[in-house]
Amino acid sequence: MDILSKIRAADLKGCGGAAYPTADKWQAVKDAFGPRKYVICNASEGEPMVFKDGYILKNWPAKVVDGIIVAIDFLKEHGVEVEGYIFINPEYAKKFGRFLANEIQKRNAPISLYVKPEEGGYICGEESAILNTIEGNKSEPRLRPPFPTQKGLWGEPTIINNVETFYHVAKIAEGTYETVRFYSVNGDCKNPGVYKHRADRTIKEIIAITKNWPKFDFFVQVGGGSAGEILNQHQLSATPTGAMSLTLYRTSEWTARELFRHWIGFFLIESCGQCVPCREGTYRLYETINVKNPDWKLFFDLLDDLSETSFCGLGLSVPTAIKSYIKNVLLNAELNIKDADKEKIKNLNFKI
Amino acid sequence: MKKLKIKINGKDYLTDPGQTVLEVAKKNGIDIPALCFHPDFPVKGNCRVCSVEVKGYKRLVPSCATTVCDCMEVRTETERVKKARNMNLELIFAEHIEKCPNCIWRFQCPLLGAVKKYGVKLTRFRDRKGARKIYKFRNAVEIDGSQCIDCKNCVEACAMQQNIHYLKFAGKGSRQEIVPRQNEGFKCILCGQCALHCPVSAAQEQSEIAAVEKLLARKKVNRATHPRLRQGLRRGEAAAYKDKEILVAQFAPSVRVTIGEDFKMPYGKDTSGKITAALRQLGFDYVFDINFGADLTTIIEAEELLERIKDKKATRPMFTSCCPGWVNYVELLHPELIPHLATTRSPHIHLAGAVKTFWAKKMKIDPKNIKLVSIMPCTAKKYEAVRPEMKVDGRQVIDQVLTTRELSFLLKKNNIDLARLKPRETDDPLGRFSGAAALFGGSGGVMESALRTADFLACGPKAKLCRAKIDYNEARGLAGIKTAVVDIAGSKVRIAVVNGIGNIDPIIADLNKFDYIEVMACRGGCIGGGGQPIPTTDEIRAQRQQTLYQIDFAKKGFRRSYENKGVLEVIDWIKKNKLEKKVLFTKYHKRNY
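As you go down the protein sequences, you meet chains A and B in turn. So the first sequence is residues 1 to 352, counted in the numbering used here. So the second sequence is residues 1001 to 1593, counted in the numbering used here.
Check each hint, because a few of them may be wrong.
[Claimed, not checked] Mimicking DMTMM-like on lysine to aspartate or glutamate, the simulated pairs with C-alpha atoms at most 25 Å apart in a straight line are:
| # | chain 1 | residue 1 | chain 2 | residue 2 |
| --- | --- | --- | --- | --- |
| 1 | B | 1099 | B | 1023 |
| 2 | A | 292 | B | 1127 |
| 3 | B | 1313 | B | 1331 |
| 4 | B | 1556 | B | 1474 |
| 5 | B | 1575 | B | 1336 |
| 6 | B | 1469 | B | 1487 |
| 7 | B | 1129 | A | 24 |
| 8 | B | 1492 | B | 1471 |
| 9 | B | 1168 | A | 24 |
| 10 | B | 1590 | B | 1515 |
| 11 | B | 1214 | B | 1184 |
| 12 | B | 1168 | A | 135 |
| 13 | B | 1027 | B | 1539 |
| 14 | B | 1116 | B | 1245 |
| 15 | A | 351 | B | 1079 |
| 16 | B | 1083 | A | 135 |
| 17 | B | 1058 | A | 119 |
| 18 | B | 1082 | A | 341 |
| 19 | A | 346 | B | 1393 |
| 20 | A | 323 | A | 188 |
| 21 | B | 1121 | A | 24 |
| 22 | B | 1220 | B | 1428 |
| 23 | B | 1129 | A | 188 |
| 24 | A | 151 | B | 1040 |
| 25 | A | 297 | B | 1079 |
| 26 | B | 1413 | B | 1425 |
| 27 | A | 171 | A | 188 |
| 28 | B | 1082 | A | 135 |
| 29 | B | 1129 | A | 119 |
| 30 | B | 1083 | A | 119 |
| 31 | A | 297 | B | 1471 |
| 32 | B | 1133 | A | 119 |
| 33 | B | 1121 | A | 304 |
| 34 | B | 1133 | B | 1077 |
| 35 | A | 297 | B | 1307 |
| 36 | B | 1187 | B | 1389 |
| 37 | B | 1590 | B | 1487 |
[Unchecked claim] Taking beta-carbon pairs under 7 Å as the criterion, some of the chain A residues facing chain B (in silico):
| # | residue |
| --- | --- |
| 38 | 138 |
| 39 | 143 |
| 40 | 271 |
For the record, the hints were derived by calculation from the structure and aren't laboratory data. A virtual CB, placed ideally from N, CA and C, is assigned to each residue, including glycine.
When you get a sec, could you build the whole thing from the sequences and use the hints?
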């Protein structure tokens, strides 16, 4: 069986968050015409509370490099040159860059490390922003179509996958693949860390197995510390999504306003500035929430604008945590949350 | 090709595949506001003001970046669209500090227009860019960070179109701003393409309106206090008031085919007569046509060309020097090319020089009492006018330069509707012009005009018999680089026309393949200049250029500059008075900024 069939048989989906079928992506790049093709390993891991890629790079750098080589070999054919990049955040480059370079050198592979600029931040992990960054342009996402599979780095077809995806690819290639995922568990809990578990575990099970089930009331942010959805403690029987992070919040320690400020503050700093709803919207959201009596109607109008007209996933995901928190925690009748802003938000009756 | 059928707001439209929703809507008269979109550049989709609803899509989509497909159903005026559109307009308006009362763009600003049209709320957010800097580039162009709406058009004009790379974004998110890169070794050539592509006039010319208004106000007072002046000066009367200021205006070859657009006239309409009338109505005593200057420049340049062709040791190729953006480019970035530049001054400097010497003498007016305002398509001309090399007897020959846009604003502010004015003739004797002069307004025009006269002059006394060539189609059109080999009285001359400074590199790399090269910094030449009406797109540039060809063609039998007797008289007079160096030629220097 060729590698593509093996990946398809393993039903591997991208582990960066979007869960796009890996085999489909690879097929598209293979089919696209180009004398040069690129393979990029996304090791920028900029989402708060997600640490799994760092964990994999620390423990299995060889596997990640092997996975990239599998992709390079897959794309290589007569008349097509293939080159690989590991797009890595500065912290990881410092910690694990040496090991990666070592493994690359050992295998004499055409892969180079590209260290994400210090000021690049979160948006630099978006795949088309990676392309812009490597090409020396401003780090901001590109319009789609064309997709990177058709016109990626320097306009050539490009595979961009996450560190964990390449790890799994290497395991598939050598025949040792197990359907596991890497979960970052953290927040208000006793044993924070990255854990490897079967892919069919529910959120509840993971928290319990890792001995993190708290004694107090809590809610969980699933799939990323900024863009992840909020679930209350009774909603945890599904499998995790996105970047597979589970961040626990002690309900009594957070007011709605603090949480909103926390999330929006992150997006405000990390917005690349390209489109109006995200650049201006996050700025005005922060401004709106940071006064004594916020104009909640305006606040939610701004959130709607972001989810309707943002350019990329960053802007589109700004409302996710806030809206799901309101729906699943703040206004959940069973939980009976006490919060100064609860009534005002409730009275607005906005659609979630 | 199979047509696609799409529905917009419930109505069916047939369209070609590959078009965007915005294009189809525009073509069919459906108004979708769009701020960051400009046909000169690839779609960016960052203002999100053109968002529309498309059936089957979860979210709103930017119509500029959405390609139509068969059976697509688009809605542009639903509550959802209105809500998002108004919010985005409100957000943009909140980052744009309104300086509308003094803004020369206020009659045409698409942002202000959309905000008014859609009744957008404007008071919910505080201004956030109050402390942003205004970057001034010499006396020509400025970028006001407090008005910038981050659409990136200026950066693309500077980098993608002009290959100058002087502007960039610094920082990110709400902290990002457009900054010049002079510390990184990049230089601004003052072409003003940033201003031509800015939707909200954050990048704009450094306005000289206030100075011109002052001149006009002073004139008004003078007229009021001198009863005989009340009707305006008639020719020959000026001498009697020689201690008073005489206001002279002159307008460039390209302005006549562009300014009408600001007054809802069709693209490329010839408005020479109306401009003359408008300038008189504003209060100028005399109005001259820079086409006369263009004829003068042509003759001087053609003579220089012939000299350089004859003299084997002369520096070749010779570059045209009419375009001040190009001259800046050479002086700042390629000083080694300075010997190649024609030493001939540019048409508006030539004409102004003639006004302040020949004409002043003839009219018995002290040149220091003549105030001359030049109406130009260009921002770099503002800098050219104050260059010390251009002075005559220690005085600037041109006192103020207004761009086409500035003149439009001045007229609108004074309630003068250009479209309704009765055409008037420009003043003699500096008013008559040949067909060739009109061509100066577009790419290839200087080349064609100079070749006509050079060929004619090279034929010598037998000119009438040798049937010198008139039309040089090789130089025409909007291609980026145009090359040809032409015959001038038996010798082969290899020519190149560079349409837009972004196309210069291959020509500089291959200099010795040419004898004579025209360079215009702006795409299309002056008709696409940095001071021209907005929008300027390739479609519009082509129509403007076409009108120039028509003006030329209509001058049957008078299509060579050398046939302009008025110009020959002026040149004779200048030569007799030994003023050539002062009025006709100039010098260039290596500069740092």
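Violations among the numbered hints, reported as their numbers in ascending order: 1, 5, 7, 9, 11, 14, 16, 17, 18, 19, 21, 23, 27, 28, 30, 31, 34, 35 and 37
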